[in-house]
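A.B. asks: Between the sequences and the hints, there should be enough to build the whole structure, so can you do that?
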Amino acid sequence: MIRHFLGDTALLTGRSLRHITRSPDTIITTTIMPIAFMLLFVYVFGGSIDTGSDSYVNYLLPGILIITIASSISYTAFRLFMDMKSGIFERFQSMPIARSSVLWAHVLTSLVASLVSLAVVMLVALLMGFRSGAGALGCLAVAGILVLFTLALTWLAVIAGLSAKTVDGAGAFSYPLILLPFISSAFVLTATMPGPVRAFAENQPVTPIVNAIRDLFAQQSVGTDIWIALAWCLGLLVLAYGLAMVAYRRKIA
Amino acid sequence: MTTQTAPALRVQALEKSFKELRVLRGIDFDVERGSIFALLGSNGAGKTTVVRILATLLKPDAGTATVAGFDAATQPASVRESISLTGQFAAVDEILTGRENLVLMARLRHEQDAGRIADDLLARFGLTDAEQRRVATYSGGMRRRLDIAMSLIGNPPVIFLDEPTTGLDPQSRLEVWSSIKELAGQGTTVLLTTQYLDEAEQLADRIAILHEGRIIANGTLAELKALLPPATVEYVEKQPSLEDVFLAIVGGGQATSKEQQ
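Just so you know, the protein sequences line up as chains A and B, in that order. With the first letter of the first sequence counted as 1, position 52 gets the number 51 in numbering that gives the first Met the number 0; the numbers rise by one all the way through. With the first letter of the second sequence counted as 1, position 43 gets the number 42 in numbering that gives the first Met the number 0; the numbers rise by one all the way through.
Check before you lean on any hint, since a few could be wrong.
[Said to hold, decoys possible] Now the in silico label distances, taken between C-beta atoms and shown as ranges: (1) B:Thr136 <-> A:Met32: 28 to 38 Å; (2) B:Ser177 <-> A:Arg248: 31 to 41 Å; (3) B:Asn154 <-> A:Leu238: 41 to 51 Å; (4) B:Glu242 <-> A:Leu16: 40 to 50 Å; (5) A:Ala9 <-> B:Thr136: 26 to 36 Å; (6) A:Met32 <-> B:Ala12: 53 to 63 Å; (7) B:Ala76 <-> A:Leu238: 21 to 31 Å; (8) B:Asn154 <-> A:Leu126: 53 to 63 Å; (9) A:Gly234 <-> B:Asp197: 53 to 63 Å; (10) A:Leu125 <-> B:Ala135: 36 to 46 Å; (11) A:Lys164 <-> B:Ala76: 28 to 38 Å; (12) A:Arg248 <-> B:Thr136: 47 to 57 Å; (13) A:Thr28 <-> B:Ile248: 41 to 51 Å.
[What the hints assert, rightly or not] Derived, one-sided and incomplete: chain A residues facing chain B with beta-carbon distance under 7 Å: (14) Leu10; (15) Arg14; (16) Met83; (17) Ser85; (18) Gly86; (19) Glu89; (20) Arg90; (21) Gln92; (22) Ile96; (23) Ala97.
[As the list claims (entries may be wrong)] Residues of chain B clear of chain A, computed beta-carbon distances all greater than 12 Å: (24) Ala12; (25) Arg115; (26) Ala122; (27) Lys180; (28) Asp197; (29) Leu227; (30) Gln238; (31) Leu241; (32) Ala247; (33) Ile248.
None of these hints come from the bench; they were simulated from the model. Glycine included, each C-beta is placed from N, C-alpha and C at the ideal position.
C.D. replies: As C-alpha cells, this is what we get:
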C-alpha cells in the first residue's frame with residue numbers, strides 16, 4: 000500500500016507540476032507582488048524607515064519571503080478547486096489508487112512552486128543589494144522554516160480549495176495572509192506601533208518567523224524567536240491538516 | 000435474468016438525504032452483467048446520487064449497493080478495482096494532451112505498457128490526429144470520447160456514465176452512442192444516467208425511471224411500452240425531424256469519429 004501511495008503520489012505530482020511548467024505565468028504572477036512590495040519599500044519608503052539596521056533590504060527580505068509564500072499558495076487552492084470543479088478529483092477518488100495521494104500531489108506541487116517563487120524573489124533581492132554571511136547551517140535553518148511555513152499555509156489552501164464555492168473564493172483566503180506581514184516586525188520595528196496594534200504584531204506568527212530568519216541571515220543569535228516560530232509553524236500545520244481532512248471527508252465518503 | 004451468476008450491480012432499499020432533502024427514498028434495482036441499464040429521470044431526480052454511492056464517493060443513509068459482488072460501503076477498495084466512473088462533465092485534464100491523459104490513467108492503474116494502451120485507445124476513438132493537442136482545444140464530443148476512452152483502461156467490468164451526452168451537439172451524441180454500444184458488445188456492464196428519453200430508448204437493454212427518489216418503473220423498452228394502453232393505429236405523414244434535416248445537411252449521422260478541428 001505504501002508503495003502504491005508513493006507511486007501514485009509521484010504520478011499525480013508529475014501531472015500538476017506539468018500544469019505549472021505549461022503556464023509559467025503562475026510563477027511570475029506570484030512573484031510580481033512581493034517584488035513590487037520590495038521595490039516600493041526599499042526605494043520609496045525605505046529612506047524614512049529607521050530599523051536600526053545598515054541595510055533595509057536585509058531587514059525586509061524575510062517579510063517579503065513570507066508574502067511570496069502566501070501569494071504562491073493561492074494558486075494551490077486554485078488548482079485544487081479546478082480539479083474539484085472539473086470532476087477529475089472525483090474520478091481519481093473512484094479509482095483503485097491511494098486516495099490521499101491526490102491531495103499530497105497538490106501539496107508537493109505547492110511546495111515546489113513556492114520554492115521556485117522564493118528563489119526568484121531571492122535573486123531580485125540579491126540584485127538589490129541583499130547580502131548574508133550565513134553559513135550552510137544557517138541557510139538550512141532558513142530553508143527549513145520556509146518549507147515548514149509553506150506546508151502549513153498549503154494545508155490551509157487545501158481547505159480553501161476543497162470548500163470554496165467559486166474560483167474567486169478559492170483564491171481570496173490568501174489576501175489576509177499576504178497582509179499579515181504588514182502588521183508585524185517585517186517592515187518596521189514593532190516598538191513604534193500603538194499599544195493594541197503592537198500587542199497583535201508581537202503575538203502573531205509572522206513576527207517570530209521573520210525575526211528568526213533575519214537573525215539567521217545576519218548570523219546573530221536567534222534566541223527564543225526560532226522556537227516560537229517553529230511552534231507556530233508546526234501548530235498551524237497540524238491544525239490546517241486536521242481541518243483539511245475534515246473538509247475532505249465532507250466532500251468524499 | 001440469470002440466476003446462476005450474481006448481477007453486476009444490485010441496489011437494495013437505498014436511501015440518502017441531504018439535510019432535509021430526501022433525494023433517494025428506498026430504491027431497488029439489479030443490473031445484469033454485460034447489459035446497458037439506463038437510469039432515466041429529470042434534473043434533480045437523484046440519478047447522480049445513485050452513481051456516486053455506487054462509485055464509493057458517497058455513503059448511503061440506509062440500504063446497500065453492491066458492485067460485482069462487493070459492498071460499496073464496506074469493501075470500497077474492491078469496488079474501485081471493478082469500476083470506472085465518467086462524471087457528469089467530462090472529467091479530463093485540460094492542460095495535458097489527450098495522449099498524456101490516457102497515459103496517466105494507464106500508469107495509475109498500474110498497466111505495463113501505458114504508451115501502447117494510449118495509442119490503441121486514441122486510434123479506436125478517432126483521436127490520433129489530436130493526440131498531441133491540449134485537451135482545452137478539443138470539442139465537446141472529442142472530450143467525451145477521451146473521457147470514455149480513459150474509463151476503459153484496465154478493462155473494468157462495470158462502467159458508470161453519468162449523463163454522457165448532456166451538452167453535446169447531435170453528431171457528437173451519435174459518436175458517443177456508438178462508443179457505448181461497442182462497450183456493451185464487449186461484455187462491459189454499463190450503468191447510464193440520462194434525462195433524454197431517446198437516449199435510453201436507443202441504448203438501454205433495461206430502463207428504470209427515477210422520480211422523486213423512487214423507481215417508478217423498471218423494465219425493457221417493450222415492457223415499459225406495455226404499461227400504456229395498446230397503441231391505436233393512425234396514418235400520419237412522416238415529416239423529417241429537425242435533427243434529421245440537420246444531420247443530412249451537415250453530412251453527419253454516421254459516428255465516423257473523424258473530427259478535424
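A.B. asks: Under 7 Å, Cβ to Cβ, is where Met83 of chain A needs to be relative to chain B, so tell me if that hint holds or is violated.
C.D. replies: 11 Å, violated
A.B. asks: Answer holds if the nearest beta-carbon of chain B is closer than 7 Å to that of Glu89 of chain A; otherwise answer violated.
C.D. replies: This interface hint holds because 6 Å falls under the 7 Å limit.
A.B. asks: Please verify that the nearest CB of chain A lies beyond 12 Å from Gln238 of chain B's CB.
C.D. replies: 39 Å, holds
A.B. asks: Since Arg115 of chain B was said not to touch the interface, does its Cβ keep a gap of more than 12 Å from each Cβ of chain A?
C.D. replies: Non-interface label stands for Arg115 of chain B: nearest chain A Cβ at 18 Å, farther than 12 Å.
A.B. asks: Measuring from beta carbon to beta carbon, are Thr136 of chain B and Met32 of chain A in 28 to 38 Å?
C.D. replies: 31 Å, holds
A.B. asks: Run the C-beta distances from Asp197 of chain B to all of chain A and say if the shortest one exceeds 12 Å.
C.D. replies: Its Cβ never comes within 12 Å of chain A, the nearest being 25 Å, so this holds.
A.B. asks: Minimum Cβ separation between Ala122 of chain B and chain A greater than 12 Å?
C.D. replies: 23 Å, holds
A.B. asks: Can we keep the Ser85 of chain A interface hint, with Cβ of chain B closer than 7 Å?
C.D. replies: Check passed: Cβ of Ser85 of chain A comes within 6 Å of chain B, closer than 7 Å.
A.B. asks: Min Cβ distance, Arg14 of chain A to chain B: is it shorter than 7 Å?
C.D. replies: 6 Å, holds
A.B. asks: Hold the hint about Ala97 of chain A up to the distance rule: shortest CB distance to chain B must be less than 7 Å.
C.D. replies: At 10 Å from the nearest chain B Cβ, Ala97 of chain A fails the 7 Å test, so the hint is violated.
A.B. asks: Go through the hint on Ile96 of chain A and say holds or violated, using the shortest Cβ distance to chain B against 7 Å.
C.D. replies: Where the cut-off is 7 Å and the nearest Cβ of chain B is about 5 Å from Ile96 of chain A, the hint holds.
A.B. asks: Was the hint right that Leu10 of chain A lines chain B, CB cutoff 7 Å?
C.D. replies: 5 Å, holds
Against the hints set out earlier in the document, violations occur for numbers 12, 16 and 23.
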